[in-house]
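Engineer: As numbered in numbering that gives the first Met the number 0, residues 0 to 94 make up the sequence shown, in order.
These are calculated hints, taken from the structure and not from any lab test.
From the three backbone atoms N, C-alpha and C, an ideal C-beta is built for every residue, glycine too.
Fair warning: there could be bad hints in the mix.
Using C-beta positions, here's what the derived DEER-type ranges look like [to be verified]: (1) 26 - 91: 36 to 42 Å; (2) 48 - 84: 30 to 36 Å; (3) 80 - 60: 19 to 25 Å; (4) 44 - 23: 16 to 22 Å; (5) 19 - 87: 37 to 43 Å; (6) 83 - 35: 18 to 24 Å; (7) 85 - 22: 33 to 39 Å.
Using 25 Å as the maximum straight-line C-alpha spacing, the simulated SDA-like pairs for lysine to any residue come out as follows [stated by the list, open to error]: (8) 49 - 85; (9) 49 - 81; (10) 22 - 45; (11) 49 - 80; (12) 22 - 80; (13) 22 - 51; (14) 22 - 40; (15) 49 - 38; (16) 49 - 76; (17) 49 - 20; (18) 22 - 78; (19) 22 - 59; (20) 49 - 67; (21) 22 - 50; (22) 49 - 15; (23) 22 - 75; (24) 22 - 71; (25) 49 - 59; (26) 22 - 38; (27) 22 - 72; (28) 49 - 75.
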Amino acid sequence: MTEIAMPSLQGAAELCLNPRFRKPRFNPVEASDYLAQVHGTPVAIATLAKMRCLGGGPSFDRFGRSIFYSRADLDAWVSGRMTGTRRSTSDQSAR
0 MTEIAMPSLQ GAAELCLNPR FRKPRFNPVE ASDYLAQVHG TPVAIATLAK MRCLGGGPSF
60 DRFGRSIFYS RADLDAWVSG RMTGTRRSTS DQSAR
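Full structure from sequences and hints, please.
Structural biologist: Here it is, written out as structure tokens:
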């Protein structure tokens with residue numbers, strides 16, 4: 000009996016992304032759009048700028064005066080800030 004080869008799903012999530020979000024690095028405007036569109040967490044461009052100064056934001060790289068966020072760093076930052084499901088505001092954090 001012949002086996003049917005299933006197509007690899009590796010990279011399928013990448014193909015589901017909007018083409019403008021498929022690149023590895025984003026400027027602050029694109030990073031803000033990415034967080035809102037892909038993760039459903041709107042973060043203003045000014046908030047990203049403030050977090051670059053004060054800390055607590057996603058990791059970023061500089062190239063001269065330009066700021067870039069890697070997609071992996073944005074994904075990790077959102078995952079790290081998620082608290083998990085709660086039934087009420089008085090529930091303790093699972094951390």
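Engineer: All the hints need checking, so say for each whether the structure fits it.
Structural biologist: Here's how the hints hold up against the structure:
| no. | hint | in the structure |
| --- | --- | --- |
| 1 | 26 - 91: 36 to 42 Å | 38 Å, holds |
| 2 | 48 - 84: 30 to 36 Å | 31 Å, holds |
| 3 | 80 - 60: 19 to 25 Å | 20 Å, holds |
| 4 | 44 - 23: 16 to 22 Å | 20 Å, holds |
| 5 | 19 - 87: 37 to 43 Å | 38 Å, holds |
| 6 | 83 - 35: 18 to 24 Å | 21 Å, holds |
| 7 | 85 - 22: 33 to 39 Å | 35 Å, holds |
| 8 | 49 - 85 | 29 Å, violated |
| 9 | 49 - 81 | 20 Å, holds |
| 10 | 22 - 45 | 22 Å, holds |
| 11 | 49 - 80 | 17 Å, holds |
| 12 | 22 - 80 | 23 Å, holds |
| 13 | 22 - 51 | 22 Å, holds |
| 14 | 22 - 40 | 19 Å, holds |
| 15 | 49 - 38 | 20 Å, holds |
| 16 | 49 - 76 | 15 Å, holds |
| 17 | 49 - 20 | 23 Å, holds |
| 18 | 22 - 78 | 20 Å, holds |
| 19 | 22 - 59 | 15 Å, holds |
| 20 | 49 - 67 | 15 Å, holds |
| 21 | 22 - 50 | 23 Å, holds |
| 22 | 49 - 15 | 31 Å, violated |
| 23 | 22 - 75 | 16 Å, holds |
| 24 | 22 - 71 | 11 Å, holds |
| 25 | 49 - 59 | 13 Å, holds |
| 26 | 22 - 38 | 16 Å, holds |
| 27 | 22 - 72 | 13 Å, holds |
| 28 | 49 - 75 | 19 Å, holds |
Hint compliance for this structure: hints 8 and 22 are not met, and every other hint is.
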